[in-house]
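Colleague: Sequence:
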Amino acid sequence: MAQFPCDSNGVCMVCKRQPLETETLHCITCVTPWHFTCLPLAPTTIADWECPDCSQPNLAADSLAPCIAGDLVSSIRAIENDPSLTDEEKAKKRQELVGGSSTESESINKSCNDSLDIFDGSLNCSVCMQLLERPVTTPCGHNFCLKCFEKCIRQGKNTCSNCRTAIPAKMASNPRINSQLAMAIRNAKLARSEGGVGGSGGSKVYHAVINDELPDTAFTTERAKKTGKANACSGKIFVTIAKDHFGPIVAENDPTRNRGVLVGDSWEDRMECRQWGAHFPHVAGIAGQSTHGAQSVALSGGYVDDEDHGEWFLYTGSGGRDLSGNKRTNKDQSFDQKFESYNEALRVSCRKGYPVRVVRSHKEKRSSYAPEEGVRYDGVYRIEKCWRKIGIQGHKVCRYLFVRCDNEPAPWTSDLSGDRPRSLPLIEEFKGATDITERKGDPSWDFDEKKGCWLWKKPPPLSKKTSKRVSSKSKDKLLKDFGCNICHKVLSSPLTTPCAHNFCKACLEDAFSGQSYIRQRASQSGRSLRTRKNIMKCPTCSADIADYLQNPQVNREMMGVIESLQRQTEQQMEESSEELSAKSDENLMLDEEMEVSKPCDSGEKVLKEINTDLDPPKKGRKVAGGKVVVNLEEHIDDAVVESEAMDFD
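Residue numbers for the sequence shown follow UniProt numbering, beginning at 1 and rising by one.
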């Protein structure tokens, strides 16, 4: 147990409360007050009681010193007689034995220090030696707690405790709290408690959406409670995954319920389904990126070519409809679909064997496996093949064969276990298909015979949305807290005025460049008058800082913290960029080893796809006369079109 006395205010440094007179003991040697109940050993006598600090040296000198010395000598001899160690290793072990291990000393210091040592002592008060509480910055650039500063002033100490510089009378009578520094310390404490800057926790799970200003549900106001949800705002995201997260949503990504998204979970509509991350788009049936892959699809009867057989289904890609003007309810195919945008994202997942989350909607009237109401999560599937063929409406459509590969049983079965590897079904339309794409290598998500479950055989793809770590974002936020009130950038050579405002030294000097501190006066008769001091107002408030500007001092403590945060941020950015570059090189090598699908991927088409990735395509719609109308809107499946038509009716 820690042995600390009461401080100068009579507050116990162990329990942090002020003991009663009957609970206070005074040392006979140093007359230091101690809290009776916080002592590790109850005193046998009160009259001649000595505190642990005064009684410990004799005990150590009389009894402990010979034992410690003997153990130290025997340990050093054991190190010297160890033949397996080199001279350098022996010297290092001797140093650790005599001086103590650096890691052990750091852990001891952290456990013994009650305050949050966020900035490694660089922002500790010079009086109480604790982290600044309501910081006050003197004109000489030193920081103190407001309580400590006022206590020194009451004791008649009108000079800085660090450099003995005189404190202006105005500041001594009315000290101002440096709110910018206080906010930075508060944010650093918050980041530390969440495992961010300076914390001991691991890398934090990425939160996909900032939920601060979002409601709990998709509609809360009177305006949003109209028929339908076209005008409803998005609700909070309850899972901590990125929008390009592949595979199931496990318990560690569900801080609300701590169970993840399970097969059979159902929601009222797509807006609520989005809140739990099963399928993020409100309207589009495919969630994915053409260069990264597809993460989820929604089965809601968007195309007449779809076939649903439960454990496997044939899915139709997006596009091919003219939705220009007021034709948003158009269900007829007007031109061919191509492997681009969302369709290309599904093909990438097919080639690499990524798991795709599948949700089914009650709007799918042709399927026996669709829920009776709402939207239901049915697990993960894997795309085994994709091709193009002439659809029912006479135009080419992109087709995908989905096969279920989840560790949980399907909601329409009574099985107790999940899926096992199964043979692919015979697809009749596959015979006349074109632009066929099949996976040549091993899939990333596959069944492990030893463990008896589906898992990632290859590392899951890195999220494109999380190139920066959360700790890096916390450091960026802290750096923004240390901002100049003139240039609004991170402080460089920070100056803190007596009115507690922070500026860059160069910015403050430029703001008053060319102005003299005194003003010469002369009468009309030519007789010189007494000079008068010019008033120089702070750029933020109306306080006069003319005296301060004559000899401004840089806040060295604040500058040290800013430089430390900048170094850490640059180092983490370099590490993250190296990781991303290494991952991109690995993906490039895998793509080169993998055979590109059928002859449709000619050199001209590959070049076209590259240009498509660099400049997202504008979807064209053919109308009468052979003209093409450009439409920027995303794919909308028939289910949503049908729901909107019903809602507005």
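No lab work stands behind these hints, which were simulated from the structure alone.
Every value quoted in this text rests on a predicted model; they were computed, and no experiment measured them.
No residue lacks a Cβ here, since even glycine has one placed at the ideal position from N, Cα and C.
Incorrect hints may appear among the rest.
Stated by the list, open to error - Across the chosen pairs, the derived CB separations fall in these ranges:
(1) GLY156 - GLN18: 22 to 32 Å
(2) PRO43 - ARG94: 15 to 25 Å
(3) GLY394 - PHE430: 56 to 66 Å
(4) SER84 - GLN18: 49 to 59 Å
Colleague: Now, for every hint given, state plainly whether the structure supports it.
Modeller: Here is how each hint holds up against the structure:
1. Restraint check, GLY156 to GLN18: a C-beta distance of roughly 25 Å satisfies the suggested window 22 to 32 Å.
2. At roughly 40 Å, the beta-carbon separation of PRO43 and ARG94 lies outside the given 15 to 25 Å, and the hint is violated.
3. Between GLY394 and PHE430 the CB atoms are about 19 Å apart, so this pair departs from the stated range of 56 to 66 Å.
4. In this structure the hint that SER84 and GLN18 lie 49 to 59 Å apart at CB holds, the actual value being about 57 Å.
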